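Chains as they are written, first to last, in my numbering: chain A, 1 to 139; chain B, 1 to 259.
Rather than coming from a laboratory, the hints here were simulated on the basis of the structure.
One should not assume that every hint holds.
[What the hints assert, rightly or not] Here are some chain B residues the structure puts well away from chain A; computed CB gaps all over 12 Å:
(1) Ile21
(2) Pro136
(3) Arg239
[Unchecked claim] The following label-pair restraints were derived from C-beta to C-beta distances:
(4) Ala25/A with Glu204/B: 17 to 25 Å
(5) Ala206/B with Pro69/A: 30 to 38 Å
(6) Thr12/B with Thr30/A: 31 to 39 Å
No experiment lies behind these values; they were computed from the predicted model shown.
Here a beta-carbon is modelled for each residue, glycine too, at the ideal position from N, C-alpha and C.
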Amino acid sequence: MSAVEPTGTPGGGGSVVEVRTSATAALIPTIRAVASDLAARADFDLDAISDLRMAVDEACATLVDVASPGSALQCSFTVHGNVIEVEARVDTAGPESTVSTDTFGWRVLQTLADEVELRTDGGRSVGILLNKRADPTPR
Amino acid sequence: MSAADSEYGHLTPLLSEYSGIAAEDPRRERLRDQLVTGFLPIAQHIARRFAHRGEPLDDLVQVATVGLINAVDRFSPDKGSDFFSFAVPTISGEVRRHFRDQGWSMRVPRRLKDMHVSINSAVSELSQQLGRAPKPTEIAERLDVPVADVLEGLEASEAYRSSSLDEMLSSEQGSATVGELVGEADAELDRVDYRQALRPVLAELAERERTIVMLRFFGNMTQTQIAEQVGISQMHVSRLLTQTLGRLRSRLDPDTRTG
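All chains, full assembly: derive it from the sequences and hints.
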């Protein structure tokens with residue numbers, strides 16, 4: 001895992017934490033620990049902290065499965081007041097490596113996050129973007 | 001103490017006798033048995049106060065009984081205090097030590113473990129009052145400690161050993177209601193057309209893990225609501241969901257995820 005490096009956001013506003021690891025399942029606990037720590041420090045309620053933690057877990061596990069061998073998993077967290085936005089991304093070997101959205105895993109992401117979106121990049125990479133609000137939003 | 005005194009009054013002379021008895025006296029064992037059996041309700045009562053914190057009640061009763069035996073052995077009536085004010089902290093101390101020593105899968109400083117226990121009870125009180133999960137600042141305010149301590153304590157609670165669902169839910173409370181709710185969730189599951197055979201994989205789960213997954217992902221319930229329904233803590237629901245999702249992931253994986 002590389003250093004956690006805060007950078008400025010292009011869109012302005014919010015503080016950013018980026019974590020880059022090898023795309024391996026063994027490092028996902030480290031990433032989800034960052035997620036729950038950020039949410040706790042942003043004073044999310046315990047349900048929201050736990051939901052974000054599990055959503056990041058699920059998103060990263062999904063991506064690691066389709067990552068090209070030896071590639072990296074890049075996660076960036078942006079805290080905008082009471083919303084945390086997460087983008088997780090891996091490089092893929094080609095257009096056939098993609099994430100399908102009619103799976104139970106995707107349902108899990110949709111339930112845990114307030115918004116979730118799949119972002120593909122012409123077979124070069126796949127990303128999952130998710131938003132979680134601090135306030136309880138039972139769905 | 002007066003009510004307790006009358007309930008246990010007949011044991012007081014035995015306590016004096018026991019404390020004065022020689023170690024090799026043949027009556028010693030029998031007296032000790034009598035005292036421990038007589039005071040056992042106190043140990044059971046204390047053990048119950050620590051129930052629903054992730055350790056099975058049977059274990060807690062056993063640990064509390066060890067504490068009681070220590071109290072009986074160490075008590076000396078001539079020091080002036082009565083047995084209860086000596087025994088209660090001795091027994092509670094034994095149970096607390098059990099939580100500190102047994103419940104943690106990873107070494108966590110004692111201060112944080114104590115904080116974890118306080119946080120847990122603050123969380124359940126606040127959840128009831130607020131009708132939702134509390135925030136770290138709300139927990140800090142309730143416990144009158146800095147938010148930083150709560151954040152540390154929450155982090156430490158991730159290291160708490162997740163005990164099996166079966167031992168936690170052995171009481172089966174409210175299972176009828178849970179059944180009804182899962183019925184609704186089941187209908188929701190039917191409406192979702194998945195390429196993967198989710199139902200048989202869910203069926204492989206222990207009934208209560210399945211219930212929790214169904215309520216969360218198909219029944220529109222929050223963790224706090226599920227915790228209340230099922231009778232365990234929100235933190236425990238969180239741990240169980242994380243574990244169960246991991247298990248489901250490995251069962252559902254290869255052909256459905258990529259593709």
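We went through each hint and held it up to the structure:
1. Ile21: Check passes; 53 Å lies beyond 12 Å.
2. Pro136: 5 Å, violated
3. Arg239: Arg239/B not clear of chain A: closest Cβ-Cβ about 9 Å, inside 12 Å.
4. Ala25/A with Glu204/B: 17 to 25 Å: Given about 21 Å between the Cβ atoms, the range holds.
5. Ala206/B with Pro69/A: 30 to 38 Å: Since Ala206/B and Pro69/A have Cβ atoms about 36 Å apart, the given range 30 to 38 Å holds.
6. Thr12/B with Thr30/A: 31 to 39 Å: 59 Å, violated
In summary, the numbered hints that this structure violates are 2, 3 and 6.
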